[in-house]
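First residue of the sequence shown: 1, per our numbering; consecutive thereafter.
Keep in mind that the hints were calculated from the coordinates and are not lab data. Please note that the accuracy of each hint is not assured.
Stated by the list, open to error - With a Cα cut of at most 27 Å, we get these calculated DSS-like pairs of lysine-lysine:
(1) Lys-97 x Lys-157
(2) Lys-502 x Lys-490
(3) Lys-432 x Lys-501
(4) Lys-143 x Lys-167
(5) Lys-352 x Lys-157
(6) Lys-432 x Lys-143
(7) Lys-473 x Lys-489
(8) Lys-487 x Lys-463
As the list claims (entries may be wrong) - Per label pair, the in silico range of CB-to-CB distance:
(9) Glu-374 x Lys-61: 48 to 54 Å
(10) Ala-451 x Arg-330: 37 to 43 Å
(11) Asn-466 x Glu-338: 33 to 39 Å
(12) Asn-248 x Asn-402: 38 to 44 Å
(13) Pro-238 x Ile-455: 37 to 43 Å
(14) Glu-347 x Glu-500: 54 to 60 Å
(15) Thr-123 x Glu-339: 35 to 41 Å
(16) Ser-242 x Ser-300: 22 to 28 Å
(17) Ser-117 x Ser-286: 17 to 23 Å
(18) Ile-493 x Ser-286: 39 to 45 Å
(19) Ala-126 x Asp-329: 36 to 42 Å
Note that the structure is predicted; figures quoted are calculated from it, not measured. Glycine included, C-beta positions come from ideal geometry on N, C-alpha and C.
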Amino acid sequence: MSRLNNSNSISSGTDVPKKKFSKEKKQYKMNQADVLIELAQEEEDCFFHDQFKEAYVAIKKGSNLQILKLLSEDYRLLLIYRYFKACSKSPSSESIKQARMLLESLSRIEGEAVPLSYRCTSTDDAIYYDLCGGDWSFVKITKDGWQVNTEPTILFKRTTSMTAQTKLEITSSSIQDIHLLNKHYKFRSKDDELLHIIQVVTSFLSISHPLTVYSGEQGSAKTTSIRMDRSIIDPANPDVISFPKGGNNLSLALNNHYISCFDNVGNISNEESNILCTAVTGGGISLRKLYTDDEETVYSYKVPVFMNGINIIATKPDLLDRSVLLELDRIANNERKEEAVIWKDFEADKAKILGAIFSIISGAMVLYPEVKLENLSRMADYTRWGFAIAEVIGLGGDNFLNAYENNQKKASSEALANQPIYQCLELVMQDKLYFEGTATELLQKLNTVRASEQISNFSDWPKEPNILSRRLKEMQTNLTEHGMHLKFKKMNIGRRIIIEKKA
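Whole structure, please, built from the sequences with the hints as guidance.
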């Protein structure tokens, strides 16, 4: 049986005890489960497990390797097909079950642990992109350039929704072809055009990615925009989905895709907002596996997320701080095209756009180690890569930094504008520069203003002083950026809140 070596390629070894059998009249002198295992051995299937201890099999397919979950329907059908070809009959369901149980145990106990990724992954000196074609070829990007590679390497896993990427020719594009990208979108500003390019290109990197949040009135092609983003980065069917409600459903969606594209998103709960924050920087959840007492199912993700809505749908300060907000203009009636024409024009440019992206990444890999920035934002890796990418394109790293800073200020303003606490706090502080008091005293003042101004009832309005203190701490950075400095002062009989407002 084939085994894996440390470079994720195939080497020779023995995993399964070999049993001699006779092919006379295609009648094997073993039970059916043993025959299925022996056939897998003959085909040199390679059994291993991924970073989550899930069993996989690497199957030779021409000069490449096809990677399947060992318990997948595709591998079950392959076992049946092989048995039929060898024995002219089908194996029993019980024999298939027994064979797969043994192969799973070998994969998880004796097989090597090989990390697998959807669509994109990286090593210290290279970035890899799965083209998802039948030949399992992939793009390898280094400082020296990029090329389509067909050597047998175990890097990727796939889902049934993933589809093949456009065929590429190394000589068919230049770095400046990246500007073909934004001709298919209608952004409100040049800053948003630059940030969109950075968002798309960095989505091919194994780093923390700010959420991409599209907003715009009806008729601004928000859905088409994220569908195009998806087509460039990680084509799939379906390409966009409705926002999954509930933390477990959202975690499952993030876990099962390289990129998640959510269409027409409405309200996002606190739990869902926290999960999206986790998707940006990396993390996950652990759930008890069905029908077990102590085994766990782990959902782990650090993925690009694109979503849209008529209004800016990310409203929580932590989520907005991890987002890039892109505004689209409404498309005039005389500029509208039929959908088939829109996609024909886009597909005509897509291969050049992809080639440009890979060339830009290669160039940015050269510059990135030399990029030294002061006052890095929370998204430090993204900021450094964005600077390097903007330099390679010729748009200027400083222009990217300015665009990103302005976008963050807009996000901060949105974070406060959506907070009824801030609306009331502004009114409390409108004729004063200083407040000092307990959380109870401040909450009383906020409740008074809320009642007098008839501010709508919000379900998350703090009803207790300790809840108000917690919410103010969440808003502290945004308040500072808008001229309100918040401090919590410890006293012998409790804490006092101090608010200083710039004149």
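### Message
So if I understand the rule, the pair passes when the alpha-carbon distance is 27 Å or less; does Lys-432 with Lys-143 pass?
### Response
violated (57 Å)
### Query
Has the hinted range 22 to 28 Å been met by the Cβ atoms of Ser-242 and Ser-300?
The hint (22 to 28 Å, Cβ to Cβ) holds, given that Ser-242 and Ser-300 are roughly 23 Å apart.
### Query
CA of Lys-487 to CA of Lys-463, is that 27 Å or under?
holds (21 Å)
### Message
Hint check: Lys-432 vs Lys-501, CA-CA at most 27 Å. Holds or violated?
### Response
Given that 27 Å is the threshold and the Cα spacing comes to 8 Å, the pair holds.
### Task
Starting from the hint 37 to 43 Å, judge whether the C-beta atoms of Ala-451 and Arg-330 obey it.
holds (39 Å)
### Task
Take the C-beta atom of Pro-238 and the C-beta atom of Ile-455, compute their distance, and say whether it sits inside 37 to 43 Å.
40 Å Cβ-Cβ, so the 37 to 43 Å window holds.
### Query
If you draw a straight line from the CA of Lys-143 to the CA of Lys-167, is it 27 Å or shorter?
holds (22 Å)
### Given hint Lys-157 paired with Lys-352 - CA-CA distance at most 27 Å
holds (26 Å)
### Query
Is 38 to 44 Å right for how far apart the beta carbons of Asn-248 and Asn-402 are?
Once the Cβ atoms are compared, 40 Å apart, the range 38 to 44 Å for Asn-402 and Asn-248 holds.
### Query
Keeping to a limit of 27 Å between CA atoms, is the pair of Lys-97 and Lys-157 held or broken?
Roughly 23 Å separates the two Cα atoms, so the pair holds.
### Task
Please test the hint of 17 to 23 Å on the beta carbon pair from Ser-117 and Ser-286.
About 20 Å separates the Cβ atoms of Ser-117 and Ser-286, which means 17 to 23 Å holds.
### Query
Lying within 36 to 42 Å: is that true of the beta-carbon distance Ala-126 to Asp-329?
holds (39 Å)
Of the hints listed earlier, those the structure fails to meet are numbers 6 and 11, in rising order.
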